Each structure stands twice: as C-alpha cells, then as structure tokens.
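Since the structure of chain R is provided, determine the placement of chain G on it from the hints.
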Amino acid sequence: QKEVEQDPGPLSVPEGAIVSLNCTYSNSAFQYFMWYRQYSRKGPELLMYTYSSGNKEDGRFTAQVDKSSKYISLFIRDSQPSDSATYLCALGGTSYGKLTFGQGTILTVHP
Amino acid sequence: NAGVTQTPKFRVLKTGQSMTLLCAQDMNHEYMYWYRQDPGMGLRLIHYSVGEGTTAKGEVPDGYNVSRLKKQNFLLGLESAAPSQTSVYFCASANPGTGVNEQFFGPGTRLTVL
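So the protein sequences, as listed, match chains R and G. Residue numbers for the first sequence follow the working numbering, so the first one is 1 and each next one is one higher. Residue numbers for the second sequence follow the working numbering, so the first one is 1 and each next one is one higher.
Excised from the complex, chain R in its bound form (with noise of 0.2 Å):
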C-alpha cells in the first residue's frame, strides 16, 4: 500500500463547478500538508498548505486536513477554465524537506 493514495481522476467539470480532490495517507508521522498545481508540460508549484486540522481557505481555495482520518481535501469553488491543471497532494515534515507525492489529479474545466 502506498503511504499516499490520490483520487485519480481524471476530473472534468464545467465553469462554475465546485471542485474536491482527496488524497488519503498512512503515515501518522507527517506533519504538514500541500497541495502543489502542475500545468501541463511545467514544473509543479506550491499552491497551498496547511499544518494542522480544519480548513484553510485562499481565495477560491479551501484546504482541508482531518488527521484523525487521514484524509486531506483541496476544494475549488467557482472553478475557471485557468483551473485546468493536475493537482498534486504532498505530505512532508518527516526529516530533510522530503515530501512524498500522491499520483495527481487531471482536472479540466471546460466553458
């Protein structure tokens, strides 16, 4: 089993749509929690991150983290066509800045 298992999609949805993409981990020892945006053919970028329970939001962004679970969410309300992307969650904290990625999401909002 991996330690970080993410839905994988992939997701189409139209503008406008409320967007949840999971991820789950076994890992009780990572401490924080991202979620990276990759479009196509680039490099990944920090989109959001959050260290504990509960939600954080950004904008059209919502963090959420449940350790008890498990269980990380990336929400995006008001989903836009520049959303269109592969969403990565990475879970880190346990020594030297590594993180350990899930598989990524394909996300396409169509107009």
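Wrong hints could be hidden among the right ones.
Looking from chain R toward chain G, a few residues come up when the C-beta cut is under 7 Å (computed) [as the list claims (entries may be wrong)]:
{"no.": "1", "residue": "TYR32"}
{"no.": "2", "residue": "TYR39"}
{"no.": "3", "residue": "GLY43"}
FYI, nobody ran anything at the bench for these hints, they're computed from the structure. It should be emphasised that the depicted structure is a prediction, and the values quoted were computed from it without experimental measurement. Glycine included, every Cβ here is placed at the ideal spot set by N, Cα and C.
This is chain G only, laid out in the frame that chain R set:
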C-alpha cells in the same frame, strides 16, 4: 532570479547510452532533489542532497547516480540507459527551516530511451 533550471529540456537516448542531467538553482538553497514523473505514479524521489558534497538515496535510486560538487548544482547521471527510464525528470530545491519546506521545481527534462 532564474530559480531552478534544468538542462537539457528534451533528450532521446538509445538503450545502453549514458547521459547527465544538470540542475542549477540560484536561491542558495541547501536541499536539492531529483524526481521522476510517470503517468499515474506521481512524483517519485530518486536521490536527494542536504548540502554540498552530500547525496542520499530516495525511493527509486537504482540505475541512477548523482553528484553535488557545488551548492548550486545537482547532477543526475544515467550510466546505461534502459527503456524503463523513459520519464519526465524534475529537479527541486528547498531550504531547511522549522516550518514548511517548500520545494521549488524546475521545468523538467523529457527523456525517451529507445
């Protein structure tokens, strides 16, 4: 600042050939990482370095070697390329700290091994 750069952007190799991928960062970061990205597999850590002159194995190190002779550069070598090494390779860098260690990624190198 250029951030993290990777050379080359694309490469096609024949089985058994060797090559070196170069990663350079201008952010004075201590930590550097090499990943490979395959469809449905996410990013998998090949090797990493926590400072000049140090290297360590990641999740999938077999068939690769690395060197960090200068703080700003991290080289990934394939001594005898195999078709299973066809992938997109990403380099990343980060600084140690008490909080979140954000990794900054390069644009990637697309490698095909025939």
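- Kindly indicate which numbered hints from before are broken by the structure, ordering the numbers from low to high. 2
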